[in-house]
Amino acid sequence: MADTTVVKTQHTWLQRLGLDKKNTQKWIFLFVAIVPPFGGYLLFTLFPNILSLYYAFLDWDGFTEPKFVGFDNFVTAFNDKYVWRALGHNVIFMLVIPTFVVLISLLLGYLISNKNYRENKLLKVLFFFPNVLSTVVIALLWAFIYDGSYGLLNGIIELFGFDMKNFYWLGEERTAILAVIPPWVWGGVALYVIIFANAMLAIPKSLYEAAILEGADHMTRLFKITMPLIMPIVKVAVLFLVVGTLKSFENILILTNGGPYGSTDVIGLYMFNLAFGEEYRNYGYASAIGMILFVILVTAKVLTDKFLPKKDVEF
Amino acid sequence: MNKTVKKLASVGLVTAMAVIAACGNGGNNANSGNNAANAPAASNAPAEVAVYENGLPKDEKVTLKVGFFVGGYGREWFDHAVENFTAKYPNVSFDITASADMKTILSTKISANDDKEMFDLFNTTPAGGIVSLAQAGKLEPMDDIWDMKLPDAPDKTVKDLTLPGMYESTTLINSKRYEFAASSSFGGLFFNKKLFDEHGWNQNPKTWDEFKQLLADIKADGIAPITFPGMHPNYVDWAFGAAKLFELADMNGQADQYIENYKTFTLPQYKSTEAVEHWNRLYELGQLGYFAEGLPALSHTQSQMQVIQKEAAMVSTGSHVENEMKEATPADFDWGFMIVPFRESTDQTLWVRSGTTNFNYIWANKPELNKKWAKEFIVELMTLDNQQYIAEKAGALPMRSDLTEDTARTVNLSSSAQAVLKYITENDARAYKASRSVSISDPNFAQATKLMDENTIKFVLGQQDPMPILEEAEKLLTKALEAQK
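The listed protein sequences derive, respectively, from chains A and B.
Numbering-wise, the first sequence is residues 1 to 315 according to UniProt numbering.
Numbering-wise, the second sequence is residues 1 to 485 according to UniProt numbering.
Among the hints, erroneous ones may be present.
To be verified - EDC-like mimics (lysine to aspartate or glutamate), calculated; alpha carbons at most 16 Å apart, straight line:
1) Lys263(B) to Asp20(A)
2) Lys103(B) to Glu278(A)
3) Lys65(B) to Asp114(B)
4) Lys206(B) to Asp114(B)
5) Lys165(A) to Glu311(B)
6) Lys61(B) to Asp114(B)
What the hints contain is simulated information worked out from the structure, not anything from laboratory work.
So here's chain A without its partners, still in its complex pose (with noise of 0.2 Å):
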């Protein structure tokens, strides 16, 4: 008779919590679901984010007492010309790398899954192969390709009979910048024309079959039919692409290490260089430029939403 009491009262307890059965089995499946990428995300991300923000308070070489000096670095930052030289840099990238991206990624794609060529398998993994490639072995080729002496755009150029007399196109101020953009738009083109022909074979044939019907030429399928579907998976790769632009340096640290003279300088690399120079270290300052970074990044995603086309189309 005890014992039954007992078991009721646990029962009862348990069910009070929701814990019968069903709810722990629920409780348990969402702890293992969310906890350790929640958790995750709190202690490599947020954690650190926050952190950042409060070194940005401090001059602190990372080794000695840090001491607090309130929001200097931020007025330095504002007064120091590199990190607006850096930042004209990354607007000009972030202006010009997302449009060819976006631009020949669509055409490709548009190809490969408008034109039944017999080589589509082949060109996809072509097209893909600088994706699998990193960043680093994408710069080092690229360097290559761009060397005064043995590079082969000098060569190809010298087939045309131009003389290009060992010319460095990363070692020029009003070449470099331009020289930097091809390897960055040609390893973003490798994601993004498999997900835009993926995204456009989703579309069904059915759509394009009525319109044809109709009399709709291919321009008019294009933007009357696959241009909206595929809409909201151009408007994520732009946000991607900006951001990328804005946060990326590595690139550009292989390639030309932020010279020649500072014209190809990006506000990542400005901020890595003041961070673990080997002449300079300040975390303080530089995590303060990364505060500035973070709310320049927030700013372009608000206006990516706000400018690119809101109305989603679906079939």
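Given the structure of chain A, go ahead and fit chain B onto it with the hints provided.
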């Protein structure tokens, strides 16, 4: 009878308790002075514990965590030294993390502020240098190493048999030495002797005018006289760096004062008479077109390849070049070496960028025994066997004077090492390692450094008059120093 038994029993009990008490305390007080005085037998016990001739215990196992920077000299020589050391001292083992990116690893570990995780011993500076670390008490002073006996020459100290000038040029921070270099290394211009022989170029210009004549001769033969990796402009320092500032100061009779000002960032720095003269000379060479075309785009390897491929005559780099480029160097290539003479006559002193490499640093917050073994290992690196090995296999220059003076041994050194030693001896060059004893964290200093780095290439290509840039850099440095106060 009963009383006697009781007395004996009492004495026995007291004795037994005393023995028990002595045994109980023995472990804790084995090293105390009182015990040693009162119980000679107990005090003799630790003396019987097996110790090596260096006084360190044989029975205590120690693992040294080492952060090893894999640079131009590779790591084979280090593994050889570790193998010898562990064979000699079997209770010591090594836990080695080797990486070409050791600077970043060090910076991360140091910033984590976890002494347990930190290396006992590492052989490169973390990003940002060691001044602030040493000032914060994070590094172990190494002054005592210089007075330690050499294992293979027990009647001599490390200082006794080190190359002249090496002890003096070790960086002092708060009057202490926190680094010890196991090899010497020299910076200057490295070239292919055979190419020089072929063209009849002067391989040992003694003065600035002779040097300029050499550059003119090389250019007239259609080869770029000098190259260096423009992507990393501070490589120009290997041949034209602070040693040349000291040489100019020495010509003005102010070397000591200048070096002191250099170390402590005493103004003027960028606008000092010597600095202005130094950059103007580089600008002059630039205007005459003596630096390689496309220099701003060159990486470290590309610039050295230019010399190997006879596109450029000389490269500004260090004596590690031969080992670094050994896979790409043709068999008929013979490395030569020269220092850029800023002097105007041969009675003035020629200064060379010294000169030490494979720096070793010991983390201060580590067990005393680990630090002692780390120092023993550093001293072991100075044995003739290890010095010979690194010189022959890796191309580093030895630190032992008795090795460099022994022609039977030097004949086996790499061609670049032999060229350097021969040049320095013949020209009686003064080796000096430039270093700062003050650390500046103000961002204005970062801007000053960046300004100079970016414009160095413009100076050497004759595209920018140095003066306005030096003035701007001086202003930024002044601001940084004021903020630092």
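Evaluation of the provided hints:
| no. | hint | result |
| --- | --- | --- |
| 1 | Lys263(B) to Asp20(A) | 73 Å, violated |
| 2 | Lys103(B) to Glu278(A) | 9 Å, holds |
| 3 | Lys65(B) to Asp114(B) | 14 Å, holds |
| 4 | Lys206(B) to Asp114(B) | 52 Å, violated |
| 5 | Lys165(A) to Glu311(B) | 13 Å, holds |
| 6 | Lys61(B) to Asp114(B) | 22 Å, violated |
Checked against the numbered hints given earlier, the structure breaks hints 1, 4, 6 and satisfies all the rest.
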